[in-house]
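Asks: In the order they appear, the protein sequences are chains D and F. Note that my numbering has the first sequence beginning at 115, numbered continuously upward. Note that my numbering has the second sequence beginning at 299, numbered continuously upward.
Keep in mind the hints are simulated off the structure, nothing from the lab. The beta-carbon is built from N, C-alpha and C at its ideal position, and this holds for glycine as well. Any given hint might turn out to be false.
Claimed, not checked - Once the Cα atoms are required to be at most 35 Å apart in a straight line, the calculated DSBU-like pairs of lysine-lysine come out as:
(1) Lys401/F with Lys155/D
(2) Lys154/D with Lys181/D
(3) Lys401/F with Lys158/D
To be verified - Reference excerpt, derived from the structure (chain D facing chain F, CB under 10 Å, subset only):
(4) Tyr147
(5) Ser162
(6) Lys166
(7) Ser194
(8) Leu218
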Amino acid sequence: DTAVSQTPKYLVTQMGNDKSIKCEQNLGHDTMYWYKQDSKKFLKIMFSYNNKELIINETVPNRFSPKSPDKAHLNLHINSLELGDSAVYFCASSQVNPANTGELFFGEGSRLTVL
Amino acid sequence: GIQVEQSPPDLILQEGANSTLRCNFSDSVNNLQWFHQNPWGQLINLFYIPSGTKQNGRLSATTVATERYSLLYISSSQTTDSGVYFCAVENIDQAGTALIFGKGTTLSVSS
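Next up, chain D with everything else stripped away, as it sits in the complex:
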């Protein structure tokens, strides 16, 4: 049973479209994240949610909107896609409170290609 699962694994779409990526974790963790990995493999934090509450919102265009319906799910919706949004998006989770082991577990990534 996959600990952190993301769907879809691949998206190919046209500029201007809207797309969503879903993420679910079955580890019982209280915190979930979205990271973006660019073509140079650099991993950058985008958002983090702790118990459905937004904790981090890095300098990300407001075309990106995360939604956490419950602490096991964190979805990412992207409006008006641009060429520069092409990247691999990773979902991750960790247990921050009360026993802060802090170990981060990643999903398999969702490769977004904007044409």
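Since the structure of chain D is already known, use the hints to place chain F on it.
Replies: Here is chain F on its own, set in the frame of chain D:
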């Protein structure tokens, strides 16, 4: 924010060789992890090591928090060790936020 520097950026080894990867960070941390991204893109958690030394098979890691660095040792490397190794840290003053990643070390092991 906290800076994370990894060295070397690239490493090419013959199977069976040993290697040491380094991670320097600019501030005190309460969380440090090493990850391996395999050629298929999967990110695997290797060590959670904010301080001290841990070993797991051919891999071991040491973090000297007071001197702000961590080392990852790979012994008797195998082709399956190829990929990118990332160090990631969380600033002690920003606990409970998110890990900040270094740019990684790309390891290529040939047979």
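Asks: Hint check: is the beta carbon of Lys166/D less than 10 Å from a beta carbon of chain F?
Replies: violated (15 Å)
Asks: Hint validation: Tyr147/D versus chain F, beta carbon distance must be below 10 Å. Holds or violated?
Replies: Check passed: Cβ of Tyr147/D comes within 6 Å of chain F, closer than 10 Å.
Asks: Using the nearest Cβ pair, does Ser194/D come within less than 10 Å of chain F?
Replies: violated (26 Å)
Asks: Within a Cα-Cα threshold of 35 Å, do Lys401/F and Lys158/D meet the stated pairing?
Replies: holds (10 Å)
Asks: Take the C-alpha atoms of Lys154/D and Lys181/D, compute the straight-line distance between them, and say whether it is at most 35 Å.
Replies: Holds. Lys154/D to Lys181/D sits at ~27 Å (cutoff 35 Å).
Asks: Please check whether Ser162/D passes as an interface residue: C-beta within 10 Å of a C-beta belonging to chain F.
Replies: holds (5 Å)
Asks: Does Leu218/D pass the interface hint, meaning its C-beta sits closer than 10 Å to a C-beta of chain F?
Replies: holds (6 Å)
Asks: Does the alpha-carbon distance linking Lys401/F and Lys155/D stay inside the 35 Å limit?
Replies: holds (7 Å)
Consistency note: the structure conflicts with the earlier hints numbered 6 and 7.
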